[in-house]
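J.: Numbering (our numbering), first residue to last: 9 to 593.
Keep in mind that the hints were calculated from the coordinates and are not lab data. A few of these clues could be false.
[To be verified] The calculated DSS-like cross-link candidates involving lysine-lysine, where the alpha carbons are at most 27 Å apart (straight line), are:
no.: 1; residue 1: K578; residue 2: K568
no.: 2; residue 1: K181; residue 2: K243
no.: 3; residue 1: K169; residue 2: K133
no.: 4; residue 1: K574; residue 2: K542
no.: 5; residue 1: K270; residue 2: K480
no.: 6; residue 1: K531; residue 2: K545
no.: 7; residue 1: K75; residue 2: K46
no.: 8; residue 1: K480; residue 2: K372
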Amino acid sequence: MNFSTFTTGTFVASLFVSTALQAQDPAIKRIIEQGIEKSQVMAFQDHLCNTIGQRLTGSAGYDRAAKWAREEFEKMGLEARLDPWGSWKMAWDRGQWQGRVLEPFEMELQVATPAWTGATRGQVKGRLIRMPADLDAKVLDGLFADGPAYLWGTISRRSNKPALLEPYQRSGKLLGVVMSAKSTGLGDRSYPNQIRVFGDSSVARRQWDNRAQLVQAVVRNDQAEKIEAALADGKAVKIQLEIRNRYRKGPVTLNNVVADLKGTEFPDEHVIICGHLDSWHQAAGATDNGTGSCSTLEAARILSSAGVKPRRTIRFILWSGEEQGLLGSRAYVQRNRSAMDKVSAVFNHDNGTNWASSVTVTDKIAALIAGAADAINMLPKPDPKHETNEDGKFFRINSRPEVRLSSGGSDHASFAPALVPAFGWRLTGKLRYGYGWHSQWDTYDLVVPEYQRHNATTFALMAYTIAQLDQKLPREGLVKSSRRGGGRGQAGAVLGYLFGADFKGLQVTKVNDSGFAKNAGMKIGDVITALNGKAVKSPADITSALRNRSGNRGKGGSRKMSVKVKRDGKEQVLEGERPRSRRRR
9 MNFSTFTTGT FVASLFVSTA LQAQDPAIKR IIEQGIEKSQ VMAFQDHLCN
59 TIGQRLTGSA GYDRAAKWAR EEFEKMGLEA RLDPWGSWKM AWDRGQWQGR
109 VLEPFEMELQ VATPAWTGAT RGQVKGRLIR MPADLDAKVL DGLFADGPAY
159 LWGTISRRSN KPALLEPYQR SGKLLGVVMS AKSTGLGDRS YPNQIRVFGD
209 SSVARRQWDN RAQLVQAVVR NDQAEKIEAA LADGKAVKIQ LEIRNRYRKG
259 PVTLNNVVAD LKGTEFPDEH VIICGHLDSW HQAAGATDNG TGSCSTLEAA
309 RILSSAGVKP RRTIRFILWS GEEQGLLGSR AYVQRNRSAM DKVSAVFNHD
359 NGTNWASSVT VTDKIAALIA GAADAINMLP KPDPKHETNE DGKFFRINSR
409 PEVRLSSGGS DHASFAPALV PAFGWRLTGK LRYGYGWHSQ WDTYDLVVPE
459 YQRHNATTFA LMAYTIAQLD QKLPREGLVK SSRRGGGRGQ AGAVLGYLFG
509 ADFKGLQVTK VNDSGFAKNA GMKIGDVITA LNGKAVKSPA DITSALRNRS
559 GNRGKGGSRK MSVKVKRDGK EQVLEGERPR SRRRR
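Please work from the sequences and hints to get the whole structure.
T.: Spelled out as structure tokens, the structure:
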């Protein structure tokens, strides 16, 4: 049942399902009414994406978003503040990007630039020449003997080319560097004309006179192919770029946004609902991570509008610096290290607009938050096409004796060193996350309203349930992550996502209700011995195989996957489709 067909009569009837939780606490009914019938999540999303837009850490866009979010929290009656965690020596803001091929044909270009890179002085025309493989002063001096020019060639994020080329840019001999999106290696083959750009935030820590001024423009692949063809034919290519990137002198204060719904009995103990507010600068940052920011705001509005009085403080945090390495959340944990034992739980939303279908916790935690699952399963089904579990429920709590906390990927991982119960949600739905992720397509139109309503209400119900418990969530069974071996760190997380199952090493210990393992007939006790014909001896071998695109993607982007397992002493091959693209950072 989707939202549009969820009538008031059906809604009221569902609320009187005989559950112990609903009978004990009428606040659950008020939370669901606010989240489903009176949702404001898309109003938040609209303002964040379409009025404010991109929110690069340290930029004017981020500062506007942080101030707006703080004011929205205050309107809800929450105690809200900007929470400084650091500073940079300069700020960087993108402006308009324009490009055009003038000769030997005319073509308007779609371009993007990495953050913290230089700008042209107005509309700058120039010839385009290939960048030599080996650069030194003698070679570079020869390139510009006939006057200023643009270079056609790739600069990787870890290249030393910017240092070599900066003096030529400053002197006016070099007009800039132009490259194809494909050549950067940052795109996704499923989306041929996707442009992904990042940026080196260390530039923001430099002295003003040492700011990066090298102009870098990344061109859409289909247009780059036409340029490449002309150069290959020996034709003179002339282009025009206008790149309006701007630096501002600092110091620039870097803030998270923190808001509290104060607890009545244990105000110094916290349940944290969070997402990162910053984004890359390509588009509107709608699903990375406008969805997480707005679900956090809406969860706060739902609880405050429902008039709940939680026993513990429910804290809502919007992080900055996530895209540059979880900077804001790590600083928060370090500054508050002595109070981490007061944090009962952290739930982080940073994986897009699809709907929260499960969360994985320890057995002890699962027993304590079962009431939240009951309440969440009272919500309208977020996707009518989604099959329910065997018990007829669409949301589930996955439990296991031991859970290895995330070591990276998003802000909940910052809490892992302190062994705080900190989790991300597993999302299910129709949107392919990789389409918008860090690309020019991450805009408001990607967001699915019924999913966002579901998510914000889910997060509110979970936070309220945990805040009302007689105890904080237990730490027993939580293990700090390690990127080295073990089968459950980074590699173990890949196995769980890829196969839809739990593992001890390469042996299946649990098969989830959906995913490759269930669909292909994998069973508890199976031991993986090969992936797509390549032998594997550890979970890390799976991760290595996945890094090789030819190892897990057939021609044309096929998602077919072949897994050899040992079962009862015999080997057999299981076949199916791997999940669609997962977020990469």
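J.: Need the status of pair K169, K133: alpha-carbon distance at most 27 Å?
T.: 22 Å, holds
J.: Measure nothing beyond the straight line between the CA atoms of K480 and K372; if it is 27 Å or shorter, mark the hint as holding.
T.: Holds: K480 and K372 sit about 11 Å apart, inside 27 Å.
J.: K181 and K243: Cα distance at most 27 Å?
T.: 22 Å, holds
J.: Against the 27 Å threshold, does the CA-CA distance of K578 and K568 hold or violate the hint?
T.: Distance of about 23 Å is within 27 Å: holds.
J.: CA of K574 to CA of K542, is that 27 Å or under?
T.: 14 Å, holds
J.: Hey, K270 versus K480, does the alpha-carbon distance stay inside 27 Å?
T.: 16 Å, holds
J.: Given the hint that K75 pairs with K46, does the C-alpha gap stay at or below 27 Å?
T.: 24 Å, holds
J.: Taking 27 Å as the top limit, are the C-alpha atoms of K531 and K545 close enough?
T.: 19 Å, holds
Checked against the numbered hints given earlier, the structure satisfies every one of them.
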